[in-house]
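Spelled out, the chains give:
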Amino acid sequence: MIAFLVKRLFHALLVMFVISIIAFAIQDNLGDPIQQMVGQSVPESERAELREELGLNDPFLVQYARFAVNAAQFDFGYSYVFNQPTTEVIARHLPATLELVAAATFLIITLSVPIGVYSAIKPRAWLSRFFMGVSIVGISIPVFLTAIMLIQLFAIGVSWTPFPVDTAWGSWLNGVISTEGGMPAYGRGDPVPVFGTWETNFASLEGLTYLVLPAVSLASIMLPLFIRLIRAEMLEVMQSDYVKFARAKGISMRRIYFLHALKNTMLPVITVGGVQIGTLVAYTILTETVFQWPGMGLMFLDAIERSDIPLIVTYLMIVGLIFVITNTIVDLIYGLVNPTIKLTGKPA
Amino acid sequence: MALLEVTNLDVRFGLRQGEVRALRDVNFTLERSERLGIVGESGAGKSVAAFSLLNLIAKPGFIAGGSINFEGKTLNTMSERGLRKVRGNRISMIFQDPMMTLNPVLSIGEQMVECLKAHRRISGKEARAICLDKLRQVQIPSPETRLDQYPHELSGGMRQRVIIAIALLLDPDIIIADEPTTALDVTIQAEIMALLLELCEQHNVGLILITHDLGVVSQVTQRMLVMYAGRVIEQGPTREIINDPQHPYTQGLINALPQMATPGEKLNQIRGSMPSLSNLPSGCAFHPRCNFINRADGKPRPACTEQVPGFVESGNCRVACHMVAEMIEDRRLKEETS
Amino acid sequence: MNASSSALPSRWERFRDSYLFYSFKRDMVAQVSLVVFIALVAVAVLAPWLSPMNPYDLAQIDILASELPPFWVEGSDAQYLLGTDAQGRDMLSTILYGARVSLIIGFGAVALQALIGVCFGLLAGYLGGRIDAFLMRLADIQLSFSTLMVAIIVGALVKAIFGGETFSAYAVPLLVLIIGLAEWPQYARTVRASVLAEKNKEYVDAARVMGLRSKRIMFRHVLPNTLSPIFVISTVQIANAIISEAALSFLGLGMPETHPSLGSLIKSGFDYIQSGSWWITLIPGALLVVLVLSINLLGDWLRDVMNPRLYKG
Numbered sequence: 001m002i003a004f005l006v007k008r009l010f011h012a013l014l015v016m017f018v019i020s021i022i023a024f025a026i027q028d029n030l031g032d033p034i035q036q037m038v039g040q041s042v043p044e045s046e047r048a049e050l051r052e053e054l055g056l057n058d059p060f061l062v063q064y065a066r067f068a069v070n071a072a073q074f075d076f077g078y079s080y081v082f083n084q085p086t087t088e089v090i091a092r093h094l095p096a097t098l099e100l101v102a103a104a105t106f107l108i109i110t111l112s113v114p115i116g117v118y119s120a121i122k123p124r125a126w127l128s129r130f131f132m133g134v135s136i137v138g139i140s141i142p143v144f145l146t147a148i149m150l151i152q153l154f155a156i157g158v159s160w161t162p163f164p165v166d167t168a169w170g171s172w173l174n175g176v177i178s179t180e181g182g183m184p185a186y187g188r189g190d191p192v193p194v195f196g197t198w199e200t201n202f203a204s205l206e207g208l209t210y211l212v213l214p215a216v217s218l219a220s221i222m223l224p225l226f227i228r229l230i231r232a233e234m235l236e237v238m239q240s241d242y243v244k245f246a247r248a249k250g251i252s253m254r255r256i257y258f259l260h261a262l263k264n265t266m267l268p269v270i271t272v273g274g275v276q277i278g279t280l281v282a283y284t285i286l287t288e289t290v291f292q293w294p295g296m297g298l299m300f301l302d303a304i305e306r307s308d309i310p311l312i313v314t315y316l317m318i319v320g321l322i323f324v325i326t327n328t329i330v331d332l333i334y335g336l337v338n339p340t341i342k343l344t345g346k347p348a
Numbered sequence: 001m002a003l004l005e006v007t008n009l010d011v012r013f014g015l016r017q018g019e020v021r022a023l024r025d026v027n028f029t030l031e032r033s034e035r036l037g038i039v040g041e042s043g044a045g046k047s048v049a050a051f052s053l054l055n056l057i058a059k060p061g062f063i064a065g066g067s068i069n070f071e072g073k074t075l076n077t078m079s080e081r082g083l084r085k086v087r088g089n090r091i092s093m094i095f096q097d098p099m100m101t102l103n104p105v106l107s108i109g110e111q112m113v114e115c116l117k118a119h120r121r122i123s124g125k126e127a128r129a130i131c132l133d134k135l136r137q138v139q140i141p142s143p144e145t146r147l148d149q150y151p152h153e154l155s156g157g158m159r160q161r162v163i164i165a166i167a168l169l170l171d172p173d174i175i176i177a178d179e180p181t182t183a184l185d186v187t188i189q190a191e192i193m194a195l196l197l198e199l200c201e202q203h204n205v206g207l208i209l210i211t212h213d214l215g216v217v218s219q220v221t222q223r224m225l226v227m228y229a230g231r232v233i234e235q236g237p238t239r240e241i242i243n244d245p246q247h248p249y250t251q252g253l254i255n256a257l258p259q260m261a262t263p264g265e266k267l268n269q270i271r272g273s274m275p276s277l278s279n280l281p282s283g284c285a286f287h288p289r290c291n292f293i294n295r296a297d298g299k300p301r302p303a304c305t306e307q308v309p310g311f312v313e314s315g316n317c318r319v320a321c322h323m324v325a326e327m328i329e330d331r332r333l334k335e336e337t338s
Numbered sequence: 001m002n003a004s005s006s007a008l009p010s011r012w013e014r015f016r017d018s019y020l021f022y023s024f025k026r027d028m029v030a031q032v033s034l035v036v037f038i039a040l041v042a043v044a045v046l047a048p049w050l051s052p053m054n055p056y057d058l059a060q061i062d063i064l065a066s067e068l069p070p071f072w073v074e075g076s077d078a079q080y081l082l083g084t085d086a087q088g089r090d091m092l093s094t095i096l097y098g099a100r101v102s103l104i105i106g107f108g109a110v111a112l113q114a115l116i117g118v119c120f121g122l123l124a125g126y127l128g129g130r131i132d133a134f135l136m137r138l139a140d141i142q143l144s145f146s147t148l149m150v151a152i153i154v155g156a157l158v159k160a161i162f163g164g165e166t167f168s169a170y171a172v173p174l175l176v177l178i179i180g181l182a183e184w185p186q187y188a189r190t191v192r193a194s195v196l197a198e199k200n201k202e203y204v205d206a207a208r209v210m211g212l213r214s215k216r217i218m219f220r221h222v223l224p225n226t227l228s229p230i231f232v233i234s235t236v237q238i239a240n241a242i243i244s245e246a247a248l249s250f251l252g253l254g255m256p257e258t259h260p261s262l263g264s265l266i267k268s269g270f271d272y273i274q275s276g277s278w279w280i281t282l283i284p285g286a287l288l289v290v291l292v293l294s295i296n297l298l299g300d301w302l303r304d305v306m307n308p309r310l311y312k313g
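Chains as they are written, first to last, in the working numbering: chain A, 1 to 348; chain B, 1 to 338; chain C, 1 to 313.
These are computed hints drawn from the structure, not numbers from a lab.
From the three backbone atoms N, C-alpha and C, an ideal C-beta is built for every residue, glycine too.
It is possible that part of the hints are untrue.
[Claimed, not checked] DSS-like, lysine-lysine: derived pairs with alpha carbons at most 25 Å apart:
hint, chain 1, residue 1, chain 2, residue 2
1, B, Lys117, A, Lys244
2, A, Lys263, B, Lys59
3, A, Lys244, B, Lys266
4, B, Lys59, A, Lys244
[Said to hold, decoys possible] So the derived list for chain B, only partly shown, Cβ under 10 Å to chain A, looks like this:
hint, residue
5, Ser79
6, Leu83
7, His119
8, Arg121
The following block holds chain A by itself, in its conformation from the complex:
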């Protein structure tokens, strides 16, 4: 276990090293802190002096070392736009994104496991076919389009009148297929402060309503993927000898499905899940754009728009760190579920 942890830590450091080099290269080539600090009017001689003073003429490695040491202390300089330390700007936007991701992850896990397992156990049932059909359509709809459709349906509302309005049954049917709208779809309302810069949408019912549409949109792209993955893996596991042997032992089907088969199914699902967390964060940029959700993704796009290089660099580093941490956690969970990992340090 300790060897495993050390190995993971080494891998994590390597990834952070690569990301930091990319981030530094961006800062070195695109950001000109002098111009941002003093503006256009200052004469060239003074700029050169300042440049020397800040160490911008030092060799690349020296500058990178300085950058890395500062980065390790979470010091990435000042945002041009906000004129604050970039880490403070990020800290203000981080909770919104994390809550959105948490809500979406919750939806994905609680829905994909039962649906995936059901459609593997009963592959021919009409409900399974329905889930499979919906999931392939779901995969084909880009997340921002799902978000727009949700806004049209539940925030703006749709009134369809294909049935005669002047009859009772007609207006009832029209009512069934039409939607009210009225769901909040802009920003996160009035989140409740918890501590520091952390404000939460989970504390009040009103806060949760703001979370519903963005979280559903964000979940919509991963959910079908996981349903299909769980179903495919489970179908494969159900064919295995150890499931047949468990049946030959006279174990109840429920125990076979939910212990013998599910535990083996979850191994590849956890691995894929670790990779998909990165995708989920990428999709927050899209979701936050559509819903004007004041998280890191929206902030990042804004930073790109205004060429706020330090903020962009900080975002990259922080997102990289989040990926590395979640991937390590996922690997740990994998190690806990898969007994073969403890001794050898890698899956057998």
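Position chains B and C relative to chain A; hints supplied.
Chains B and C in isolation, oriented as in the chain A frame:
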């Protein structure tokens, strides 16, 4: 009445191209603590037979007819719940490949205890004690530590011992062993087989041994079935069949044993290979490979290519072969005339 | 896959007798998907001849006819079947041209990522050792960052380096480059996995014993045997590339509104959805979904039929 009685068992697979008959007209009985061997090449239907006894054949396979009677109960029409009480409890199974049979993510202890708890109301402590006892019986060293280990920490031979221990866990009446040593190292095959036989003897357990190894069957079983292309083609007391095989296929199998070869000469082989079940030859399924299809006058026996042979009694054996039937008929006629 | 016979059947005959064609004939979903996909590609290619007006030509645009709804909604104009957008461009024309741009970028990006991915995958799988470790670690890092994230970051940087004007002018090749660079790991991993499986087979040893050079062995002997998984993931990758392009355009990192793809059409329409003009965003959206869905369904069918060893997880 016999402990297990299989009559006219008929198993089919519903495939897209149509139904394939994987087993037909399988009849046999097993007495308490009797040892029965089922031999045949791969694809003959041995494993299908093993799995259908406990109604465990996977879709699209199903039992289309016949009956499997165990202690007076018909297993093939029994509810899933009823079957569960028999499986692993009264009749247990040993699979071919011990590397695949144990669940890789559950500890040995969990996989043993769950079997006990599925059939008996006992405490975890009692269950653990029984498991330890069984592990000792299959001669696993330091069983206490083994219980908490996972399958990948055990060698193939050790795993098969664990599987035998699981099969014996509830003191069953019958163990169905489907090629229990094929996947093991040659050096430990004999050891595992000896252990299995010894334990069956000790506990009065009936054994159905499925194998392609005629040598093993001849040494350890009292009666045997020879299967070919989903049918039993010869069955009876093992000694009689080995000493005086009637069916040309059985003769071929026995002649192909290395012990039967003359030093310096090639091994005897049966030419050709087993036909696919979805594309069986007409008449007797064995006729394209049969050396005796021609009659004394050099013409092929029409029945062999046209008619599926029925069973004839020959001594204590039953044989499905036109040639054997003809010979018996000839002998009977001669006896009558003399 | 093809039944070989001594009479050397023609290509068409071999195809007609193949399992691929056989299962296609039995699969309604695959047939419909293929017809829809071909139809969409055809109208996109023929957009300049089919569409009622040229949306790039400012002279043809009537700003007074802006935000007209499609024909089945009250207040529509028969001249504009699917209505008009906020600038008065005919929706039917813009989505045909938009689909064209989306498809060009999608196919271009997949060609590029296949080129990079297949070369890297072959190198990694065949040579092994440090090259393998380096390339696969790179692929892992990029995948753990997710391909969309990489595309967004690279897109943002490219835009920052070139500036908005230049970026817009060269948007199509730049997007092909960005998406191609972001998504090569999928190919590399798939190819590497099948190369590793093929590598130890006898025919490769035989080729080596015959003294063939590694390059020749790789391209003439190993590559053909990895084609079926490449073919299968290509369908998924085209769908992904089209979605990635749409996402980049939606974020303002893709095609400009003057030369829109389906993604930028959805983006420009989104501003008007609150005012009730849903068609400006949802009609290109629907076309995008149908296009991607037809590709995904074809990909599903192909995967079932060819059943290749795809790289897992």
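Now the hints, each set against the structure:
1. B:Lys117 / A:Lys244: 18 Å, holds
2. A:Lys263 / B:Lys59: Answer holds: Lys263 (chain A) to Lys59 (chain B) is near 23 Å, not above 25 Å.
3. A:Lys244 / B:Lys266: 41 Å, violated
4. B:Lys59 / A:Lys244: 12 Å, holds
5. Ser79: 13 Å, violated
6. Leu83: 8 Å, holds
7. His119: 6 Å, holds
8. Arg121: Since chain A brings no Cβ nearer than about 14 Å to Arg121 (chain B), farther than 10 Å, the hint is violated.
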